[in-house]
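Asks: Below, each chain spelled out in residue letters.
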Amino acid sequence: MYSLLDTFISWFVLIFGVGAPLYVIFKAIGFNGFREITVYSKYNTFLYRVNPAIKIVFAVVIMMVVTTTIWWIGAILTVAVLSLYITLEHGKRKLYIGSLFIMSTLVGSLWGYAPFVTYSTLSVVFPHFTPDVIWTWPSYFAIMGYQHVLTLQALKYSFQISFRSTAIMASALLLVMTNTPSQILRTLHRFHIPDPILFSIMVAMRTVSFVLEYLNESIKIQMMRGLGSKHSKYLKPIFFFIAAMQGLVPTIIHIMRGGKDTGISADTRGFRATKKRSYVESTPINRLDYYMLAIVVILVVMDVAINIMGFGRTIPYN
Amino acid sequence: MIKMGFNGIAGNLSEPGIIPWPIVAIYFALASLFLFYIARKNGSLSRFKTVDYVYVGIGAAFMIVWNFFVGPFLDKFVPSGAASFIGFGSLGQFVILLIVIGVVRKVGVGMLGWAIYDILADIYSYGFGGEPIYLIYKMFAFGIIMDLWIAATRGKPFGIGSGKIPKASDTNVGAKAPAGSSGFVSASGASAGTGSFLSKPKIIPVIAGIVMGIPYAIAGPIFFTGFFAPLLYGGIVDWQAIIFSMYASLPSFLIFGIIGSLIAARVSKVLG
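In the order they appear, the protein sequences are chains B and Z. Going letter by letter, the first sequence gives residues 1 to 318 in our numbering. Going letter by letter, the second sequence gives residues 1 to 272 in our numbering.
It is worth saying that the hints were derived from the structure and are not from the lab. One should not assume that every hint holds.
[To be verified] Partial chain B-side listing against chain Z, Cβ under 10 Å, derived: (1) Pro181; (2) Ser200; (3) Thr207; (4) Thr251.
Small disclaimer: the values here were computed from a predicted structure and weren't measured. By construction, the Cβ of each residue, glycine as well, lies at the ideal position given by its N, Cα and C atoms.
Could you build the full structure based on these sequences and the hints that come with them?
Replies: Here's what the structure looks like:
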């Protein structure tokens, strides 16, 4: 018979998996926090001086290593890349927000996968395995699509899938925080992407921080005007969400109206007027870039070594 | 052992159950040719202005914010068993892109929008792994659907706008709207118009939402799980799962397609 305590623990685990990431996102990070880890700020340490092209290569190599090795390599790399945040401007704050973001992504995706991994998937992942049962869910959890039991293998599998994205995410955010949009675009120009598309991407990169800022403002103003003030403060996250949804379309209209001016001002400066009117200068490569490149090469060598040692990824993703 | 090809692409074309690559290639080529043919024939092919690139960029920025900071956490509100029925991440992107095509209204904006979003998503989160396969996937599986609709409606995807060939009966549809009277649009679009719910200005967005929503729900599972996932990282092809997720995501795409199209119609009225 399923005891009351077991039921309690099951529900606690369920609510923790769903609630913890939400709490972290809305309460601890907020739209302002997101803005801080997605926008460039001027500073002068190693990472700010490295060529963005090398940082893109770095992110690609991180992706390669993480997808070809066992899950704990991904975990180590995630921590390593995150610790680089400390060298940035307001490093401690960025490390704090970045870690919260990665943690919430991790907990969220772990609980998004682990209870649902089917026996058949696991038997492809770990051939001839004997399931190590950690927890048995109440039978009515099946309504939510939960498997009857939570196995150690399901957790391992979900961990691997979760860490696949976190290391890459952390290193990609590093690029955005340490380079201006124009530096990144000058790098992308090397890949022969047409100028109008580069222009469009630049507008988009500038806009991301505006979107977060205006949405944040819109939510706060709606709260100030009394949205949800007559209800319990525990319902605040729900009203936060309602305010965000109500603010979305007006924010789109507001920013797009401003976009008209951006278009006109680019046109008056003769953007795309003649073939040679608009041009892009590439970013130079200096000594520091070779140091960074050395790290990249070390990562690749490490990847090969790990695979030879038998810690390669052998599981398929669903 | 999973082999590693160029830029993290496993290059696995012989997974059991995978759609043969010539079929995908031929579909993409034919769809593009067909798009070009209709656009050419009814004259809806027109050059992008600078402001159009700005609008697409703004739309892509919203898609990024949605997909990385809002969508994944909204999905947590959905009971996990219903997750295959509602995926807020992709639905939000769909609605935002509908608004963009409502404002730009030129053939190619759907594909351009997905392309810009894809490059931006690489900068912000994915780190250019698996490119350019993801770029091709998003442009040709999703973007082209919107472009075909724009071409079919001669540059008036939601019944509003000045297409290349203005017809006498169509011109007064956009003119009747109180252009930018308040600047505030209710999310449901319920305040638009004074006539019956399905008055003429509304019936076109509703049809647009249905026509674009159905292929969107179908294209994702078929092309990604059925072809690109095994190609990219050796994902398992399970046709039962593909067909299930097609049916499962259909209602939500229809509903959000219609809501999104109504919002898009309103936004494009406001922005003129």
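Asks: Against the earlier hints, flag every one the structure doesn't satisfy and list their numbers going up.
Replies: none
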